[in-house]
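*Asks:* As given, the protein sequences belong to chains A and B, one line each in that order. Per UniProt numbering: the first sequence = residues 1 to 344. Per UniProt numbering: the second sequence = residues 1 to 344.
Just so you know, these hints were derived from the structure itself, not from any lab.
The list treats identical chains as interchangeable, and a pair is accepted whether it falls inside one copy or across any two copies.
Calculated cross-link-like contacts (lysine to aspartate or glutamate; reagent style EDC-like; alpha-carbon spacing at most 20 Å):
| # | residue 1 | residue 2 |
| --- | --- | --- |
| 1 | Lys333 | Glu57 |
| 2 | Lys93 | Glu326 |
| 3 | Lys195 | Glu268 |
| 4 | Lys146 | Glu116 |
| 5 | Lys120 | Glu110 |
| 6 | Lys102 | Glu166 |
| 7 | Lys96 | Glu106 |
| 8 | Lys98 | Glu88 |
| 9 | Lys147 | Glu110 |
| 10 | Lys113 | Asp151 |
| 11 | Lys264 | Glu336 |
| 12 | Lys93 | Glu331 |
| 13 | Lys147 | Asp313 |
| 14 | Lys333 | Glu267 |
| 15 | Lys333 | Glu88 |
| 16 | Lys323 | Glu282 |
| 17 | Lys102 | Asp140 |
| 18 | Lys146 | Glu285 |
| 19 | Lys124 | Glu103 |
Predicted model only: the values in this text are computed from it and were never measured.
2 protein chains.
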Amino acid sequence: MEESFDAEGSFDDASCLSSQSPGSTSPARRQTKEQEIKETKITINCVTFPVSTSTPEQQLLKPNEWSYCDYFWADKRDPQGATVPGFEVLLQKQLKGKHMQKEMAEFIRERIKIEEEYAKNLSKLSQSPLAAQEEGTLGDAWAQLKKSLTDEAEVHLKFSSKLQSEVEKPLLTFRGDNFKKDMKKYDHHISDLRKQLVSRYAAVEKARRALVDRQKDLEVKTQQLEIKLSNKTEEDIKKARRKSTQAGDDLMRCVDLYNQAQSKWFEEMVTSSLELERLEVERVEMIQQHLRQYTTLRHETDMFNQSTLEPVDQLLQSVDPGKDRELWVREHKTGELRPVDMDI
Amino acid sequence: MEESFDAEGSFDDASCLSSQSPGSTSPARRQTKEQEIKETKITINCVTFPVSTSTPEQQLLKPNEWSYCDYFWADKRDPQGATVPGFEVLLQKQLKGKHMQKEMAEFIRERIKIEEEYAKNLSKLSQSPLAAQEEGTLGDAWAQLKKSLTDEAEVHLKFSSKLQSEVEKPLLTFRGDNFKKDMKKYDHHISDLRKQLVSRYAAVEKARRALVDRQKDLEVKTQQLEIKLSNKTEEDIKKARRKSTQAGDDLMRCVDLYNQAQSKWFEEMVTSSLELERLEVERVEMIQQHLRQYTTLRHETDMFNQSTLEPVDQLLQSVDPGKDRELWVREHKTGELRPVDMDI
Numbered sequence: 001m002e003e004s005f006d007a008e009g010s011f012d013d014a015s016c017l018s019s020q021s022p023g024s025t026s027p028a029r030r031q032t033k034e035q036e037i038k039e040t041k042i043t044i045n046c047v048t049f050p051v052s053t054s055t056p057e058q059q060l061l062k063p064n065e066w067s068y069c070d071y072f073w074a075d076k077r078d079p080q081g082a083t084v085p086g087f088e089v090l091l092q093k094q095l096k097g098k099h100m101q102k103e104m105a106e107f108i109r110e111r112i113k114i115e116e117e118y119a120k121n122l123s124k125l126s127q128s129p130l131a132a133q134e135e136g137t138l139g140d141a142w143a144q145l146k147k148s149l150t151d152e153a154e155v156h157l158k159f160s161s162k163l164q165s166e167v168e169k170p171l172l173t174f175r176g177d178n179f180k181k182d183m184k185k186y187d188h189h190i191s192d193l194r195k196q197l198v199s200r201y202a203a204v205e206k207a208r209r210a211l212v213d214r215q216k217d218l219e220v221k222t223q224q225l226e227i228k229l230s231n232k233t234e235e236d237i238k239k240a241r242r243k244s245t246q247a248g249d250d251l252m253r254c255v256d257l258y259n260q261a262q263s264k265w266f267e268e269m270v271t272s273s274l275e276l277e278r279l280e281v282e283r284v285e286m287i288q289q290h291l292r293q294y295t296t297l298r299h300e301t302d303m304f305n306q307s308t309l310e311p312v313d314q315l316l317q318s319v320d321p322g323k324d325r326e327l328w329v330r331e332h333k334t335g336e337l338r339p340v341d342m343d344i
Numbered sequence: 001m002e003e004s005f006d007a008e009g010s011f012d013d014a015s016c017l018s019s020q021s022p023g024s025t026s027p028a029r030r031q032t033k034e035q036e037i038k039e040t041k042i043t044i045n046c047v048t049f050p051v052s053t054s055t056p057e058q059q060l061l062k063p064n065e066w067s068y069c070d071y072f073w074a075d076k077r078d079p080q081g082a083t084v085p086g087f088e089v090l091l092q093k094q095l096k097g098k099h100m101q102k103e104m105a106e107f108i109r110e111r112i113k114i115e116e117e118y119a120k121n122l123s124k125l126s127q128s129p130l131a132a133q134e135e136g137t138l139g140d141a142w143a144q145l146k147k148s149l150t151d152e153a154e155v156h157l158k159f160s161s162k163l164q165s166e167v168e169k170p171l172l173t174f175r176g177d178n179f180k181k182d183m184k185k186y187d188h189h190i191s192d193l194r195k196q197l198v199s200r201y202a203a204v205e206k207a208r209r210a211l212v213d214r215q216k217d218l219e220v221k222t223q224q225l226e227i228k229l230s231n232k233t234e235e236d237i238k239k240a241r242r243k244s245t246q247a248g249d250d251l252m253r254c255v256d257l258y259n260q261a262q263s264k265w266f267e268e269m270v271t272s273s274l275e276l277e278r279l280e281v282e283r284v285e286m287i288q289q290h291l292r293q294y295t296t297l298r299h300e301t302d303m304f305n306q307s308t309l310e311p312v313d314q315l316l317q318s319v320d321p322g323k324d325r326e327l328w329v330r331e332h333k334t335g336e337l338r339p340v341d342m343d344i
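The following block holds chain A by itself, in its conformation from the complex (with noise of 0.2 Å):
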């Protein structure tokens, strides 16, 4: 605190300054007799900053780590004009993420679909006669080549399978439903704590007025006094300044319980937003190792698909036109005999 308080003296009428915002002040300059006095705090929303010209520079709590606890302090103003705290704008981003996940395991669904139907497409056209009756050598590699469809058919339905299991599922269920309760509590736990401070700001408005009234009644009956123009007593005179006293020890307590109502909010909007900050790393990781689990399943994919050309590429290899000729000549032919002259 820069300006001292005076438990018996005079005591100089505190400045309380702040924006022109809905709950705040009104900035006002007072210059005493004694020393000009510079506005060094300032109250926006019943939050209590100091004023950032005048102060020597906040060390961050945490430097270089752009941490939650570091900047949302102040309240922001959303685009209808209405006032957002900080915190506020944590949660949404937290819940903002979780719809993240949401969509990206939709995303994954929609995979699994047009998976499922190409597997499908693949192992129907397997099944199909044409060529069916061609034989031999070329007519294995041929059946060969029409079955590895149904493999290939395979590989992709195991994909979407693990698609389902290893990538889809987690981002759907990561956090699940509590995690919304759980943010509600933080968020209203938060606010409680501002709803405590809002009202011990104004029980410290309240004692303001109350000292200032005091002062200015004390003042009056003194210059009443000098000028002898009432029948009023020393008597009076003291008990107006035992009010006026009185009045600044009630300042002086309000000024305290707000203090340490912001206190307390200060302590969990730290423990709090390093929370939120905890949960968004966990979240950002959660993400990438899935991810990584979906291009993993991509690479297998390919090359089981890969591998399902092995049989036909050694069918095709061992074609044989001789061989075939003779399978085929073997069930087909007519006769060995040749013509020979006719006799006479």
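We have chain A already, so just place chain B on it with the hints.
*Replies:* Here is chain B on its own, set in the frame of chain A:
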């Protein structure tokens, strides 16, 4: 020829053995005073074969090759009972082979359609706005993951395009429409030679019957002379004998013409069946080559598909929750000044 023909003297009744089939004569066994004649040849459908048990084994024209020219001399019966020349069987095989090509091309066409559908689905999903609001390094990785589906789609479209130009089209166009015309030419050519053989054979049979008649006439007239049954003179017998001899000459000439026609047919059979054999080898090798092209394209596709993941893997590697926090906090922070105690 195992039975000799004596131009002037007695002349054995040439027997023309054949099986019970249209256009052939019935089997007969004749025994003369001089020797037992074993039937060593048989004419079936106007083609003359050795009787298999009597001749020394014929050597195959192309031993160990199962060549068409060795195995399709006889006609066969189809299930409806019609006679099908061996060469016809070979032609049918060629036409069937052309049909197999066509069916294989159809199969490839179906694969192309499946690939195009798959590519279309991937491409559409790639454009999805799901989780587009994710920002920072995680957002970049997610965006690349989505984009990779477009890359995959392109890989599959390229695959289907090459399937069309390098597999389907060659299979469809190999040999084209001229092939059927060429086969018809072979068909007609060989058929014409067979028809000629049939008519030459009919001439032989006619000449044979004429000879028998002449011989009978001579015999009767000779007998009549001996028993002085009629007033036939030596002159009549001489005439009869001359006619008999002429009939013998006619028969010889017919048999000779027949044998020439059979030789001509024989030569064409060998040449043409070897050509069909060559065409079949060419067909099998062409199909083998193009099916190998199919598997090559499949291998390529799986590899290109893998490479679509590289940028995704890289960006996932670079996901940095701290960096993302910095980016987000810079944009969304509400205020860095921390609250301080209110002064009185």
